[in-house]
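Protein chains in written order, with our numbering: chain A, 1 to 276; chain B, 277 to 552; chain C, 553 to 871; chain D, 872 to 1163; chain E, 1164 to 1455.
Please keep in mind that the hints were generated in silico from the structure rather than gathered at the bench. All residues carry an ideal CB built from backbone N, CA and C; glycine is no exception. Take these hints with a grain of salt, some might be off.
Unchecked claim - To give an idea of the chain D side of the interface with chain A (calculated C-beta under 8 Å), a few residues:
| no. | residue |
| --- | --- |
| 1 | Gln952 |
| 2 | Pro999 |
| 3 | Asn1053 |
| 4 | Leu1057 |
| 5 | Leu1060 |
| 6 | Asn1062 |
| 7 | Ala1063 |
| 8 | Gln1067 |
| 9 | Ile1074 |
| 10 | Trp1157 |
| 11 | Ser1160 |
As the list claims (entries may be wrong) - 25 Å max Cα-Cα, derived PhoX-like pairs, lysine-lysine:
| no. | chain 1 | residue 1 | chain 2 | residue 2 |
| --- | --- | --- | --- | --- |
| 12 | A | Lys134 | A | Lys150 |
| 13 | A | Lys154 | A | Lys179 |
| 14 | E | Lys1283 | D | Lys909 |
| 15 | E | Lys1440 | B | Lys403 |
| 16 | D | Lys995 | D | Lys943 |
| 17 | B | Lys375 | B | Lys403 |
| 18 | B | Lys430 | E | Lys1363 |
| 19 | A | Lys179 | A | Lys130 |
| 20 | A | Lys133 | A | Lys150 |
| 21 | E | Lys1287 | D | Lys909 |
| 22 | E | Lys1440 | D | Lys991 |
| 23 | E | Lys1363 | E | Lys1283 |
| 24 | A | Lys134 | A | Lys154 |
| 25 | D | Lys1148 | A | Lys130 |
| 26 | D | Lys991 | D | Lys1071 |
| 27 | E | Lys1363 | B | Lys409 |
| 28 | B | Lys375 | E | Lys1363 |
| 29 | D | Lys995 | E | Lys1201 |
| 30 | A | Lys150 | A | Lys99 |
| 31 | E | Lys1283 | B | Lys375 |
| 32 | D | Lys1148 | A | Lys99 |
| 33 | D | Lys995 | A | Lys127 |
| 34 | A | Lys127 | A | Lys154 |
| 35 | D | Lys1071 | A | Lys150 |
| 36 | E | Lys1287 | B | Lys406 |
| 37 | B | Lys455 | B | Lys430 |
| 38 | E | Lys1440 | D | Lys995 |
| 39 | A | Lys133 | A | Lys154 |
| 40 | D | Lys1071 | A | Lys133 |
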Amino acid sequence: MERQIMTRISSQAEAAAATGIDRHHPQNLVELKNIDKVYPNGTVAVERANLDIAENEFFCFVGPSGCGKSTIFNMITGLTEHTGGELSVLGTESKEARKENEIAFVFQEPTLLPWNNLLENVSLPLKLRKVPKKQRHEEGERVLELVGLKDYTKSLPSQLSGGMKMRVSIARALISRPKLLLMDEPFGALDEFTRQSLQDELLRIWSQDQRMTVLFITHNVFEAVYLSSQVVVMTPSPGRISDVIQIDEPFPRGENFRVAPSFSQYVQSVTSSLEH
Amino acid sequence: MERQIMTRISSQAEAAAATGIDRHHPQNLVELKNIDKVYPNGTVAVERANLDIAENEFFCFVGPSGCGKSTIFNMITGLTEHTGGELSVLGTESKEARKENEIAFVFQEPTLLPWNNLLENVSLPLKLRKVPKKQRHEEGERVLELVGLKDYTKSLPSQLSGGMKMRVSIARALISRPKLLLMDEPFGALDEFTRQSLQDELLRIWSQDQRMTVLFITHNVFEAVYLSSQVVVMTPSPGRISDVIQIDEPFPRGENFRVAPSFSQYVQSVTSSLEH
Amino acid sequence: GEEGADDATGAEEEGSDTEDGGEEIEEVDLVLNWFPKSQQGGFFAAQSQGYFEENGLGVNIEPGGPEVSSVQMVSSGSTEFGLAHADQILIAIDQGADLVALSASLQNSPQAMMFHEGEDIEDFEDMNGRTAYVESGIPYWDYLNEHYDLSGVDEQSYSGEHATFANDTESVSQSFVTSEPYFMEREGIDTETLLVSESGFDPYNVVLFVEREYLDENEEAVAGFMEAFEDGWDYYAEEPEEVNEVIHEADENIALDELEFETETQEEFVYEGDAAEHGVGHMDVERWSELIEQLEKIDVIGEGIEAEEIFTTDYLSGS
Amino acid sequence: MERKQEERVGESLTLPNLSQSKPAVNQRSKMTEFVRRKALQILPSVTLFVVFFGAWELILRLADIAPFIFPKPSDIVVAAQGNWVNLLGAAQATTTGALAGFAISTVLAISMAIILSLSKWIEKSVYPYIVILQTIPIVAVIPIIVIWFGAGIQSIIIVVFLISFFPILTNTLIGLNSTDQNMKNLFYLYNASRFQTIFKLRIPAALPYIVAGLKISCTLAFIGAIVGEYMAGIGGAEGGLGQAITVAATRLETPYLFACGLTASLLSVTVYQIVTKLSERMLSSWHESEMK
Amino acid sequence: MERKQEERVGESLTLPNLSQSKPAVNQRSKMTEFVRRKALQILPSVTLFVVFFGAWELILRLADIAPFIFPKPSDIVVAAQGNWVNLLGAAQATTTGALAGFAISTVLAISMAIILSLSKWIEKSVYPYIVILQTIPIVAVIPIIVIWFGAGIQSIIIVVFLISFFPILTNTLIGLNSTDQNMKNLFYLYNASRFQTIFKLRIPAALPYIVAGLKISCTLAFIGAIVGEYMAGIGGAEGGLGQAITVAATRLETPYLFACGLTASLLSVTVYQIVTKLSERMLSSWHESEMK
Ligand SMILES: Nc1ncnc2c1ncn2[C@@H]1O[C@H](COP(=O)(O)OP(=O)(O)OP(=O)(O)O)[C@@H](O)[C@H]1O
Ligand SMILES: Nc1ncnc2c1ncn2[C@@H]1O[C@H](COP(=O)(O)OP(=O)(O)OP(=O)(O)O)[C@@H](O)[C@H]1O
Ligand SMILES: [Mg+2]
Ligand SMILES: [Mg+2]
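Same shape as in the complex, but just chain A (with noise of 0.2 Å):
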């Protein structure tokens, strides 16, 4: 397995060197270089951070608590700025991104409209879209019913468990088909159940789109290695991406990958790399 583990961060930096550091791949939905992000009060929460991420790929995040896996996301949607480095999304800055109407994602936390009940709070996408309220609801109930909370489209979420506000906030960023989905541990609060049906979904989801690109922190390395095709590895203090795992299995991939000795050969891996 260790074979597998590709040094990906070298090989890039010196592509970058050799093209230039304003050339852009237009093949490569997100790209870091040497990306670093320093906040107001000092923390260094980010440093030289290289990553391509290509179209159709599914890269999941690990790293320790605090190791700045949400900053990289907040750079990529362009809620923060990067201090040093380049970074291009969709082709453009990252604050330009937003604008193609092509991203969606999953906060941290699940963060609902307090004054909208459920079904009005996973349509907002497609509201502030303008798509009519008709197709806007039908929508939302279908994403409500992938997870599990068809039931409650009128409830509102302070009536709702901290597992389900969660769900509500995957459904909401599930309703529209975006090229780029970013998901900052969406299923941490979930039971193993909804958990893997909920990951079965997912996966077939963005096997169906073709073009969809999925970003997905999560501190399950199980999960991590299910899911993904690329499996990014952060050590923290200051942050930085100490290895790129590429998860070499095909998809569909269902319950034989998770007992497959290949998987457990993974998932070391993975966990030996975040132990160093």
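Dock chains B, C, D and E with the ligands against the given chain A, drawing on the hints supplied.
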């Protein structure tokens, strides 16, 4: 392993019938007798829950998202009223119990005061008990170190990552030595490594303190088995306690338990109980 | 407020004991009918010349204002002496106040309707078809309405400012002939006035009054005050400029030239007419009775007030 | 959210929490319970009402103060009865002015707050002038208002507007700037337009602040109407409570003056209650301040 | 929190976001950058100032309106210079009254809000009376205030209090009732006393609301002081701007009247800015409304 699944429910119900429902067993720290909870909007969150929790036990609660785990915690702490049955906590009514200053808890959401720095946040319970500042801060630094945040004493909550916030919340619960410690998915947002070290830390604190009882909600069956003396399995809609599984493994537990065959047998039995 | 009243009564007891010694000064309050003006020149003169002290009184002059009701303050006992116009005093008495008028500083009312020069207003009825700024509830307006047909007047609240009047050359505004015309002239607006008293409604103005109970128990103090009052007005007649300086000091917002104009125009109201014959402050029962009748007729007061009982000229030397 | 309810019944009233802990009580007819609750709700107000007015009447009776200096409640009632028709007419006129001005304030203040909140730059440059506008004493500008708009209802409405505009503006602005950052991020990432962010996020989130502003302003509106009538009103009978108060003051009819004052109070308390009810409607499902 | 900053520079000013995307710009001296920022911050205010007063002067010059009807800025300056000493004295008197009343309002309103927030029961019974108190027209009660407290600073402070008390009270109360339920649960479970819950949780959490109330009230305080001075009648310098305005109005000295009015504005804008700075201090570290 199957033998060890105790059908406590029926035996408890019988015992209750025999002694009369208004008789308290003083040796039990927490007693639920036929507890119902119907929310004002009609949701039946918990139905006929029976549970006796003796001193110095470690109870883990597992069950699908939305099955009523947090609701049971809220009833025990008196944050929400049960709508049927009888509940005694620390030998008194649940709303009185907090007055003994013997309860600590970790909410499902971090719940930090945004205007206080971490040291002030974790030492809040001591401040409310008017412990002198010096001692309070010493204790605060101790628990922050425990959760790996000793470099962040002066930071504000808004400057933390999701997992870090949760760790602050855990540290706050650990600053006093309560008789009853309730933790609602405390380790959900943490990576495996941090999680395991906090698990061991928690077990160490619990074993040392001969009178502490811990109630712990988790979605991680491994965690439940590793930590607890009893695992409470719940089923959803309406939330019922379907099983209480005793984990007959001596404390202190360590890495050797995790790899022991009995461990995976326990895991299996909890998992299968969850799936039914 | 009330403390002041207590102090005063306390001082009064001592005062009456030692009056013969002439050393004790009795502290009393006088509340004016408006901010300091020449109208109250006699009082300021008495104060600055020490006439009050000579009569055993220490007088604290409190200015009035739009919402300061001197009749209420005197009735409630928070001040001893007050200034108000005769119609206001009658209204208070009608409402149950037990007041006694002691002297009238202005024999006639300088209250007038002011209009832009050249406007064709000779009579009150000429106000019809014009806007009139009149204080809500002021009795003379009811009187005019009773005696003239003013149905065509566009009546608006008078709030003490004159920009709106200045802006509308056809409008009419209430005024005191002793003040407003001068302010207007200074801004280059020439005005004419029509005295309200020409209608026959002519109450005494700036009338000094006390509560009856106070009068009964403090005759000496009242007598002393009245002596100072007369001396004060006499002094004011001689040295108005000097006294105007004092008034200006009490309220810098009023300028010396304005005081001077007022002094000149009010001279006939203070010193002429009945005052020429009987002395400053003179009042007689006919004038009071006439006013009572007029006010009764327009329903501003009820019946039953006897002119003889509500004033006294016992403390005036001339009467 | 639930504990709140209990606290109200259990702790605040310090009554034993009968309804929950003893099953027998649950059997009690809901009707009785309802009546008991309502009675308990009204009781304190009624008690205070009786105590307050009783004490007022008593103290003044004992102190033997003349009604024209400080009237007793009974004097006020008599005066109000005697001038019933006038009082009603005046109240109506004042209410019209106050409500019209309040409505204009609400619309303009919220619109202005939205414009200011669109950018810090606009806020920084324009807001100080609004503060100046707000603080220019009304007494100083009334003449100009009257010159431009003529005495009467228009001018009164403008005075009401001037005095009730600012609290709504300030509160709304602070409310609009208080939106939770996570939610703003949500809208930002979903490429919401400014317009959508304002109307679908920031205004709903600011509602508790806006409501506080409305509560303050609706009482100020009546104060403004009375000041306006006092200074810029049409004289004579058609005037509102402002005129009535002035007339009562010159005539020293203090009991009637108090009757007018209390009527003004009552009117604004009524409007205040309506605003409160509306805020309950809008907020009770999700905001702490109005949750049951 | 960070996006906010960018938005201000990048979107609101619609300037190219130079400082971030081109490394070369980062080399620029920080000083130049600082000066440029400050200039940009002040620029809009200054521009508006010039435009506003310029337009005012110009329009009135062209329209040839008499200064006593609507003065030009130049007339106002001349009037202010001519009465410099009076104006200063009056401003001082007004400031004293306004600040004293505002201070009393702040203390009493916050204390009262705390008491009311202790229980729904107290709130329900007492609050309506406070609303009534607030809405009783000041014109109606000033005579009584003057009788009891005498014409002078005491009466003015009371008028200021009456007008500036309510906004702080209402806002503080809504703020105290808006505390996040999770945090209240936290304090409840840790057995915090009422006192602790109020002072360590509910008041800090309500600060944004309290600050909004203070901002409204500090401007109302000056309005109150002027109304009080206008009505309560104190002569001379102690009469303050209110009396100066009254006298100027009767004497048709409109330019001086405007000078007094603008002085009042300036004073309250200054106090307003102080309150704003204080609120930034207290809130900038954690609340959206003041975060940079
Ligand atoms: N607004 C902020 N200001 C200052 N420091 C911050 C801020 N946000 C995050 N940090 C710091 O940046 C580092 C990385 O935070 P980040 O949220 O990216 O971690 P994470 O990998 O998502 O962790 P977790 O798994 O716990 O969510 C942490 O050390 C955190 O303290
Ligand atoms: N305030 C409320 N009002 C109405 N229904 C509620 C309320 N809080 C929770 N519920 C409902 O009660 C049920 C149990 O909720 P609870 O929070 O106890 O679940 P949980 O077991 O903690 O779930 P999770 O693992 O997702 O946190 C859910 O169906 C939820 O919708
Ligand atoms: Mg994170
Ligand atoms: Mg839960």
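A quick look at each hint next to the structure:
A least Cβ separation of about 48 Å between D/Gln952 and chain A goes past the 8 Å threshold, and the interface hint is therefore violated. A hinted interface residue such as D/Pro999 counts as satisfied when its beta carbon comes closer than 8 Å to some beta carbon of chain A; here the least separation is about 28 Å, so the hint is violated. Contact between D/Asn1053 and chain A, as hinted, is supported at the beta carbon level, the nearest pair being about 5 Å apart and thus within 8 Å. At a threshold of 8 Å, the smallest CB-CB gap from D/Leu1057 to chain A is about 5 Å, leaving the interface hint in force.
At a threshold of 8 Å, the smallest CB-CB gap from D/Leu1060 to chain A is about 5 Å, leaving the interface hint in force. The interface hint given for D/Asn1062 is met, as the beta carbon of that residue sits about 5 Å from the closest beta carbon of chain A, less than 8 Å. At about 5 Å, the closest approach between the beta carbon of D/Ala1063 and any beta carbon in chain A falls short of 8 Å, and the interface hint on this residue holds. Using the Cβ-Cβ criterion of 8 Å, the hint placing D/Gln1067 at the interface with chain A is satisfied: the shortest such distance is roughly 6 Å.
Evaluation of the D/Ile1074 hint against chain A yields a violated restraint, the C-beta minimum of about 10 Å exceeding 8 Å. The criterion of a C-beta within 8 Å of any C-beta in chain A is met by D/Trp1157, whose closest approach is roughly 4 Å, and the hint holds. With its C-beta approaching chain A no nearer than about 13 Å, D/Ser1160 sits outside the 8 Å limit, and its interface hint is violated. With a C-alpha separation of about 16 Å, the suggested pair A/Lys134 and A/Lys150 falls inside the 25 Å cut-off, and the hint holds.
The suggested pairing of A/Lys154 with A/Lys179 is violated, with an alpha-carbon distance near 30 Å, which exceeds 25 Å. At roughly 14 Å between alpha-carbon atoms, E/Lys1283 and D/Lys909 fall within 25 Å of each other, so this suggested pair holds. For the given pair, E/Lys1440 sits about 30 Å from B/Lys403 by alpha-carbon distance, which is inconsistent with the 25 Å threshold. The hinted pair formed by D/Lys995 and D/Lys943 fails the criterion: a straight-line CA distance of about 51 Å is larger than 25 Å.
This hinted pair checks out: B/Lys375 and B/Lys403 have alpha carbons roughly 15 Å apart, not beyond 25 Å. This hinted pair checks out: B/Lys430 and E/Lys1363 have alpha carbons roughly 18 Å apart, not beyond 25 Å. Of the supplied pair hints, the one linking A/Lys179 and A/Lys130 holds, its CA atoms being roughly 19 Å apart against a limit of 25 Å. Between A/Lys133 and A/Lys150 the alpha-carbon distance is near 18 Å, which keeps this suggested pair within the 25 Å criterion.
Distance check on the hinted pair: E/Lys1287 and D/Lys909 sit about 12 Å apart at the alpha-carbon level, within 25 Å; holds. Proposed proximity of E/Lys1440 and D/Lys991 is supported: the alpha carbons are some 16 Å apart, at most 25 Å. For the hint pairing E/Lys1363 with E/Lys1283, the CA-to-CA distance comes to about 20 Å; that is within 25 Å, so the pair holds. Only pairs whose Cα atoms come within 25 Å are accepted, and A/Lys134 paired with A/Lys154 is accepted, the gap being roughly 15 Å.
Only pairs whose Cα atoms come within 25 Å are accepted, and D/Lys1148 paired with A/Lys130 is rejected, the gap being roughly 32 Å. Distance hint between D/Lys991 and D/Lys1071 is fulfilled; the C-alpha atoms sit about 20 Å from each other, no more than 25 Å. Restraint check for E/Lys1363 and B/Lys409: the C-alpha separation of about 15 Å stays at or below 25 Å, so the hint holds. Between B/Lys375 and E/Lys1363 the CA atoms are separated by roughly 19 Å; this keeps the pair inside 25 Å, and the hint holds.
For the proposed pair D/Lys995 and E/Lys1201, the alpha carbon gap of about 12 Å is at most 25 Å, so the pair holds. For the hint pairing A/Lys150 with A/Lys99, the CA-to-CA distance comes to about 31 Å; that exceeds 25 Å, so the pair is violated. A threshold of 25 Å between alpha carbons decides the hint, and for E/Lys1283 with B/Lys375 the separation of about 22 Å falls inside it, so the pair holds. For the suggested pair D/Lys1148 and A/Lys99, the alpha carbons sit about 41 Å apart, so the restraint of at most 25 Å is broken.
Of the pairs offered as hints, the one joining D/Lys995 and A/Lys127 is violated, with about 32 Å between alpha carbons and a cut-off of 25 Å exceeded. Of the supplied pair hints, the one linking A/Lys127 and A/Lys154 holds, its CA atoms being roughly 17 Å apart against a limit of 25 Å. At most 25 Å may separate the alpha-carbon atoms for a hinted pair to count; D/Lys1071 and A/Lys150 meet this at roughly 24 Å. For the suggested pair E/Lys1287 and B/Lys406, the alpha carbons sit about 33 Å apart, so the restraint of at most 25 Å is broken.
Annotation: proposed proximity of B/Lys455 to B/Lys430 is violated, straight-line Cα distance about 30 Å (limit 25 Å). Distance check on the hinted pair: E/Lys1440 and D/Lys995 sit about 13 Å apart at the alpha-carbon level, within 25 Å; holds. For the hint linking A/Lys133 to A/Lys154, the alpha-carbon distance of about 15 Å falls within 25 Å, and the restraint holds. A hinted pair counts as satisfied when its Cα atoms are at most 25 Å apart, and D/Lys1071 with A/Lys133 qualifies at roughly 15 Å.
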